[in-house]
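Undergrad: As a plain string of letters, each chain reads:
Protein chains: 2
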Amino acid sequence: MTKNNSRSKLSIFALGGLDEIGKNMYVIRYGDDIVVIDSGLMFPEDEMLGIDVVIPDITYLLENRDKVRGILLTHGHEDHIGGLPYILRELNVPVYGTKLTMGLVEHKLREAHLLNKTKRVIINNRSEVKLGSIQATFFKVNHSIPDAVGICLETPEGRVVHTGDFKFDMTPVNGQAADMHRMAEIGKKGVLCLLSDSTNAERPGFTGSERNVGEALETVFRKAKQRVIVATFASNIHRIQQVVDAADLHKRKLAVVGRSMVNVVNIGMELGYLRVPPDLLIDPDDINRLPAHKVTVMSTGSQGEPMSALTRMAHGSHRKIEILPGDTVVLAATPIPGNEKTVARTVDQLFRVGANVVYSASQHGVHVSGHGSQEDLKLMLNLIKPKYFIPIHGEHRMQRAHSQLAETVGVRPEHIFICENGDVVEFSGGKARYGAKVQTGNVLIDGLGVGDVGNIVLRDRKLLSQDGILVVVVTLSKNNGKILSGPDIISRGFVYVRESEKLLDEANRIVTQTMEKCASERVSEWASLKTSIRDALSRFLYDKTRRRPMILPIIMEV
Amino acid sequence: MTKNNSRSKLSIFALGGLDEIGKNMYVIRYGDDIVVIDSGLMFPEDEMLGIDVVIPDITYLLENRDKVRGILLTHGHEDHIGGLPYILRELNVPVYGTKLTMGLVEHKLREAHLLNKTKRVIINNRSEVKLGSIQATFFKVNHSIPDAVGICLETPEGRVVHTGDFKFDMTPVNGQAADMHRMAEIGKKGVLCLLSDSTNAERPGFTGSERNVGEALETVFRKAKQRVIVATFASNIHRIQQVVDAADLHKRKLAVVGRSMVNVVNIGMELGYLRVPPDLLIDPDDINRLPAHKVTVMSTGSQGEPMSALTRMAHGSHRKIEILPGDTVVLAATPIPGNEKTVARTVDQLFRVGANVVYSASQHGVHVSGHGSQEDLKLMLNLIKPKYFIPIHGEHRMQRAHSQLAETVGVRPEHIFICENGDVVEFSGGKARYGAKVQTGNVLIDGLGVGDVGNIVLRDRKLLSQDGILVVVVTLSKNNGKILSGPDIISRGFVYVRESEKLLDEANRIVTQTMEKCASERVSEWASLKTSIRDALSRFLYDKTRRRPMILPIIMEV
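Top to bottom, those sequences are chains P and W. Counting from 1, position 332 in the first sequence corresponds to residue 332 in the UniProt record's numbering; the numbering is continuous, with no gaps. Counting from 1, position 380 in the second sequence corresponds to residue 380 in the UniProt record's numbering; the numbering is continuous, with no gaps.
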């Protein structure tokens, strides 16, 4: 009985998604039942040199693998589903998501050879999923991808609501507004704790309707004299639909370029989320057979990604399409923080090749966010009326801003928990408090390696990137310790060798002197000898150049 | 006569500042007289790994050193004066600037041991400077540093106006508005060509007055219960003045921290640009002796620079001051493009240590730009009424936007020249056309090295930063080519060695096999042997890890 009692509390925490944008993974545990919400990835920060993607550390889940009842997905964005191929390989549990979300997941799992090994369940807003003592239902929300849901979890300790990523779009493109009636119903029944999206908590007002973008696009199409090229996020099927509609209205054909865009358009059409008139789509190869005013191109690259279709088109390095003077290019997106410069460079390059460029700074309305602003967030809080509140999905200052909004609509300050990943909020007898922290962290993925790059490797990459490396090689005699060959100094990323011969000659002399000195002092241990060389050379180079290249002494013995 | 004729044209071009933000350097040449406007530096782009600063390539000036009559400075920002210590070392010419600008320049030249070698002339809005056949006068403009001027050059071919960086501030903090009367006068006399600041050409409306920031600061001071810490650009003396005034009004003492901030405050007070009541300033060491509500701190770090005073205070690593719960911290700045993430991290950290953080997203009005928006730019164009127009100081899309503004106020499209650095616009007989391009480029400064780091070094640093390096060393016998020692493989920045022993063992085997194969095929040239090792190892590692570390084979012979 005691044992059961100690277990029967409700714990809520994140393995990813708090104090960061990306790798969302939230855990709700009651007794021996664990439910996971989302399994995202994060794109590397600037200082994570050479890293491809980052996923959450799931040690906690692996240590409790027999208790994990399933993974519920809120929607199909990479920061919510991108970690699945890595995580399911280690933790084979059922995955639940709406039709479009599962369509995107299946594509990923097929590539990772995990499709047949994974139990997959498609849910909708009428589904009830039993996960041990926890029961999940789902309600529609609006977001920049269709088929996004919020999740209501009934637990013996009380009701927990997770909004997923959301906004309230009063005039949604597909006619499916966020289900405020269901939210009101849930709120009326009483909610113990709300977890809600904080991305735009710093932004005043309501977030605009996706339909506004359609109107802005219509204006662009109407004015365009030659080809129209629209770049946007591949997953924003609502926006893709509006480009399709505008092309159709203006009697233009549409070519789709960029691997992820082609993929989403195919899945969207196959599953009925994208309505494309017959004969509208053309192959990119056929563009040049049509007059310019009959052509629309839809492309990836709205973030100025160097390898994207749009960037390659702008630089004339795309295999099939080149931007021509007079083309109208629309970047239907705003830069994600950190991408401002690459986007600006792409806009500059497009102007340079003669395009008429429409971008967020030049024309209002070609993008709206998928995340609710302050008024959306207050509306959610007022509908759900939670006793406790945990702002999720955002960096610290966004969680702060969201917590202030919650206070203004009446949540008691002491009932708000601003958490980091791994902070556990425990509920018992209707009361909440912090529990013991669980292990969290970034698992770095570089090529095929999952977790084999850590701080030491990153520190070395950082060092190498700043001032390069000097390798010092010398061969000694096993018999008498005399130098048989070298010292040879090879540098990479340090200086132009041709212009710095004198410097490197002097460096060579320093190494020889150091070795002679060590020999006369009878320093025979290689480690000390290497340290002496490294120190002497480092001092010399810093003095001459104010640089600190990595120095790698290698001593061979024959 | 013919020779003279061929010379007596007017040429205008930039050695830096076009299609970029930074390293401004414009050249006006008439016959044998060359006038340079500004000598700035640029902070390195992300891909310039390890580089400290970038200055313009001044080959053109060095090749024409006997013709350079002087360098005129518009104002004291780094992107306009920061290149001087490097450039004056190679080109000893007189430098002209206003009192504050020259105060800041002197500080730089003193550090570079160039102060006594350089002829320095202080100018004001009544100065007339004769530079060979070119005569310069100056007119006040408003900018985010006091004592900024535009320049009017009278040449035998016509009048050329360079705005410098500017906006029109109708209620300037120091009471000195941009001299519209002088601009009107110049415009009335007739201007051949205008060069005008394009930084904010994408931004609608007028740029706000610096005085608005003072009002916003006043509100912050009024509400603050404990210490107030304001971070802003060190050079913005107007803003510093307003912090001084607010501190004085609210009977708080003021401590200044951050090397560049202390420097500017000293120069500003010394030269009379900053009015500080006696006893207002206190030493940072004395802060803790005063009650919290009596303290203001003014600091660098508004861009979240990792080594700045504010960042160190936020992380508890500043020697003298630590942010305490309840402190109000104002970031009176918006992030410069590229700094969004570091600023956001600083705000997050300040919240984490319990500060009440006021930043651009949380409160409107704590920053205004120093550059004119679209209406300011049109006002300038309308006052100066140039025949020809060259949009300067901005990236390509800003130059484009500025050119569109010029068209709307009546400049003929064929009279607008959107140039890159090195594009020469030649004026002769009142007509303009493109001339032969001049050499331009980025000179990269890394430590003490000026220009000894170029594309090959940067490419190596980039490679090293992505997947690290593997050094393969082997010692061969001079006599029979047999392996005497090795192959040894040492890696840095590639994988955790401990977790990848098997991989590195296999790599070792691959090298041995390759060398044996080469030996059996009688490959004796080291270059081919090295290439074979590099290829085999690269293929193996890519196959196993999908990474491409730099591979450096080193063969020693004894």
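A few of these clues could be false.
Derived pair list, reagent style DSS-like, types lysine-lysine, alpha-carbon separation capped at 25 Å [what the hints assert, rightly or not]:
no., chain 1, residue 1, chain 2, residue 2
1, P, K482, W, K482
2, W, K544, P, K462
3, P, K478, W, K478
4, W, K482, P, K478
5, P, K544, W, K462
6, W, K482, P, K462
7, W, K341, P, K341
Simulated from the structure, these hints should not be mistaken for lab results.
Undergrad: Tell me the numbers of any earlier hints that the structure contravenes, in ascending order.
TA: Going through the list in order, the structure violates hint 6 alone and respects the others.
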